[in-house]
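S.K.: The residues making up each chain are set out below.
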Amino acid sequence: MKHLILAGAATAVFALSAGVASAADAPKCGLANGQAATGTPINIGSIVSKTGPDDFSASAQAAKAYFDCVNANGGINGRPVNYIIGDDQWSPEIAAQLAAKLVDDEKVVAMVGNSSFVECAANANSYAEKGVIAIAGVGVPRECFTAWTYAPLNAGPRLSTLAVAEHINKTSGAKKFVCIAPNIPNVGAWACDGVTVWANENGAESSTILIDPGSSDATSVVLQAASMSPDAIILSLPKGVMLPVLVAAEEQGLNETIKFGSAASGYSLDVPGALGEAWNGKFVVNMEFQPLDAETPDNMNWRAVMDAHAGKDVPRDTFAQAGYLSARLATEAMLKLDPAKIERDSVATALSEVKTFESDILCAPWYYGAELSRHNANNTLRNAITDNGSWKTVSECAAVNDPELTDIRAFEATLR
Amino acid sequence: MTSPSLPGEPAHLTVERPGLGRYRTLVTIPLLLMAGAVLVSLAANAYWISTLTSAAAIGLAAAGVALLYGQLGLVSLCQFSLIGVGGWVTLRTGFAFGWPFELSLLSGGIAASLVGVLCGLPALRLKGLYLALVTLMLAGGFQVIINAFGFPDGGSGFFGRADASQRLMLPRPLLATGNEAYFLYAVGVLALGLMLIELHRRTKPGRSWAMIRAGETTALSAGVNLLLYKAWAFALAGFLAGLAGGVLAAGVGQLDGRAFSAAESLNLFALTVVGGAYNWFGAVIAGLLLRAVPSLLTDHGVDGYLAMVIFGAALLHALVTAPTGIAGQITGLGQWLTGLIASESTPSPAQQEAPASDKLAAETGERRP
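Sequences listed follow chains A and B, in order. Here this note's numbering is used: the first residue of the first sequence is 1, the next is one more, and so on. Here this note's numbering is used: the first residue of the second sequence is 1, the next is one more, and so on.
For the record, the hints were derived by calculation from the structure and aren't laboratory data. Beta carbons are placed, not taken as given, at the ideal position from N, Cα and C, and that holds for glycine.
The following residues of chain A were derived to be distant from chain B, with all beta-carbon distances above 12 Å:
1. 31
2. 33
3. 34
4. 36
5. 40
6. 72
7. 78
8. 131
9. 256
10. 304
11. 307
12. 317
13. 332
14. 337
15. 352
16. 371
Some chain A residues near chain B, calculated using beta-carbon distances under 8 Å:
17. 51
18. 87
19. 91
20. 92
21. 93
22. 97
23. 104
24. 105
25. 118
26. 121
27. 122
28. 143
29. 185
30. 186
Next comes chain B alone, as it looks inside the complex (with noise of 0.2 Å):
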């Protein structure tokens, strides 16, 4: 799947400039997601504490789907299901052995990104639609499986069922165990996950899928290894799927096989294309359209199933009109601005012309390979 190119992209790849300007989103994620989360804790009420605790853990999975689409060009439907691993993994350690949350987080990511370099196998060798229907038939799979097995709560044995006994919840971190830090913990785990993003497309990794993306024949002719970077990406992005899994788990104490079905990974994918799949914050407005906007309905009386139709006339925008999503079009909006400024500020356009282009190549060059 190719996307239509924008006005003002530099038809060759830009050569990222040495120095410690290029980690600057990384203090930036951080900064402005927590100042975000804690104006929203101080102002929001409970029902959307809770909505947007959940609208965190689904932008860390949009935030894989965005990876893999983004920076490699590759569609994988089945990153919902690789949610469900790590909500699986996450409620099963936390209940066999009691220990600190945190690592039962770790440990559903891990065995998240080890399924997920399973499921990414097949990308080796298939691309675009083929590799799409049989990510999607793995996420068919999934849901086959887990409504026969379904999630532990606290039963003994290796699935860790309940069935004729006391449920048991699982308890969240002891950082956060009321409502509004729970959701502050939930930002700062997404935050840590897209400051992970960003710090390998920085990077060697990120220039390689660069490469893989520009044609495979190219990167390989530049020396780049074709599969260590493809399962690379695959296993950070099932790694943030899993993470996911584990805050929603801990969110509820809970979680329920039928909320995994393989319509949910097509859902996600296409909310990340509408957010927006190459900028880091196109995956927070991937989780606010896949929670947020269910619930913002659902708050006014209107069926949240109307969510899908919303969803679907989005997709269609963004594949039409707005291949970058809802955060290209912000970003595209602030361009615009600082170039609005700045031609005011600096009269001869002869003079503003060469740094605004650079700047720009250095903003949807990397991006956008």
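Next comes chain A alone, as it looks inside the complex (with noise of 0.2 Å):
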């Protein structure tokens, strides 16, 4: 499979090469005829958690930007896109709202670049009953990984914080983990769980501690994961909230001992530089997609798009990334269809038989898999290490094994 995936990835590369590398600076997106779009705008939605403990709006202002770029490049064959964002505020209920207005009263073809924390689990059975599919940029509960309508772009918190336990496994031997996590509904005992699963199938060995990510004591917790004597310690922690609980590790010496490894949430180009030399080589974490900084062309692209369509205070990270990549596997489904016919119905159909949607910033081409009850089409990664200030990536694309994935991987079978 490894080959098919390179194959892939190549093929990918070559294939946008040659557009992108005669105009490095100009994005390119949909028809890319620079001409704006005038027809009958086509309403699609997106539902991000802003307002609130963090904001992960970035996915959704990046599909915009990708959006704009769009529409003054010809549109969907003439048709603008009327991209309406949605602020969750961190609650369920407001999700529930946004969700009736997009659908019922907007009428939205389709939801992309969703990125919330409990828009999933809220929103998910009403897309279902309504023919509506979410192409979501970034996915962090478990329910985004088990509805039927919904797929994101990422691979999710379980996979990234298990690819990282098995690359610190393989490459230093370690086989006693400790899995620090949020105790969010679904989201950190879940993302734990799958290294406890995956240690007790390979002769390993991994305890959960789950803090409260607003009012926990980062030397307390380090401690209490120090106690169990573990030989490598997993954060699987919003970045805000582990930055504090490394800090401690090092006041403490454990950087030293122990093995430090973070899921994707630890990966942002400013980590390093905040943690300084004592951490030089000490700490790997997961990325959910290529490099931010890589220099390849639709990695390239995703950034000229921002700079072109983006505000500065727009953040140029992994969600933008997923938010970018979202959008332009919409805009390419969408173009396939009759600008005169495009509807929920037609979306939908269009979105669900996407079989190979192709990028380098994706380590395997991305498909939706119609067949299945559930999508994680994202379950390759790459980790990466501190090095003097800046992340060296450590490892090429991997299958995560995790044996939640089963059923994934048997479809991913019939289709190579």
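Fit the two chains together into the complex; they arrive one by one in their own frames, and the hints show the way.
M.R.: Pasting the structure below:
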């Protein structure tokens, strides 16, 4: 399978390099004809968690940048995209209200670029009922990966957490893990459970510590983890909660004796600098996508789209990569349709028929998998390590060995 | 906390006149609410139906706060936590027994009413600021507990958490699975709750509460059982908050612990005062303020948190100039208009003065003893 992935990636690189190499700075999107679209707008919705403990709106803002670029370049065969973003404020109640507004009132043809901690659970059923497919940017809780009409571009915290544990196990022989995660319903326990199940099947062991991200004390969390004398501590925490834990670990000198790893939430270009010298070569993170600064054609195009259509205040992070990919995927699927017949049903069919969406930002081509009852197409991941104030990629795309992926793997076997 | 007196408020307690006329509100509440709800469900879009469903649920809890504050002068700052208790039990029993939603709703209400009485125990000794502080701390305690244990979502065990498996959604009542139907259902529950309070106010408990508010020594000497009627008020307020929690839980199918911070209880109390704690529709206004105003702002692209600033200003306004809240101002406006019409049709001032003051006494006397 690895050969196929590499072949796929190579094809993608080749196909894109033809168009992008000639104009490295000009973003390329949609029909790329430079003409503003003037037809009847197509409503597309998105729900993100913006106001609240953390701001996850970068995904939708990047998708908006891409759709703006599409609208300036011929639209969807002449029809512009009217992209409507809702802020669920981390409340399932508001998420459900927004879904009613977007799906019933605005009559969106699809949801694209969603990124929320609460939305999947609250809305997955109503999307399925109304025949709306959601191509999410970033899914976090388990519900984002178990619904029939909800398909995120990212891998999710469970796979990301397990991938870094697997990497540390492979490179240092660590057998005893402690996984620290937030006590958010179906996020933390679900993510760490992946490490436990994998460890049990592979002659290792793992314990889980769930913390309240709002009120936990970093030092006591680290000491609690260290008291279990682990070989490695795996963090599956939001960045703002993770950094104090690492600082506390350094104060206790634990960075010298225990391996530290983090799920993709710890991957941000400013983290190695913030951690400093003491962590050089000692902190491994998983990446759900291509490194942010990679100079591959589609990653460069993502940055170009952001520079041309998103403000400087919109973060250029993995959420933005995911949002860009979801918007590009939806655009390409809709471009195949008769512009007069772009409706919810036809768009749902077109999206569900996506079999090989290629981008060098992804490890393997993304597919929807209409035959599956759930979606988790992004499941081959890379890892990186702190290296003199920046990240160095230390492992190439590797399939995550989560037993929960059995159905997904079986389906992928039929694809290839 | 005492409110400045209204012009025209009688200095003595009015004695309820006998007759069925005093039960008139019991008919007007369901008629007005249901008629309004049917009109709204015909005119509003899905976003507003969904928002107003939440507003109806919150209105129930506000009615409980208004009962404690308006009838007994007690400031309870843990009522939003009781919504959480009711929601928790509604979800837990709904998942555990799979029985009709109404039974889950009722058990949620009863559980919250029991917890409400426990919260109210300090009220037997404490009043004013001290009671407010104690109940606020209880709300803080609930915030910690619900964040640690979360709401049931179809898992096993006492806490019913489905942490690493498929979460379940609580099904809506069979009567009302659609959005419009569920909105009408929520307003129906709100109407029943408000009628329950009105019924209490117009019978013995209401009179006992009025005595307690006027002064505990007076009430005691008049033979009012302080313990019983205070506990009764807390139980009733808790019951309504519990129903609110159940209605919210079935609206989305789940609840989120982060939505039940102690600050929400403060907001609920503040907006109940703004809405009006002395009229039944004050609670409806409070529900609309808490849920519809933020939605209105968000719908127009304004940050929903700006609502907090507006609420703060509204509370200041209410405390300084309108202690009876928006509902009191509407009633006052209504009376002024009736007075105006009456004075035009009957030019002799001597003739109309007596019935007008009598009417005012009947209207406000019992509500603001």
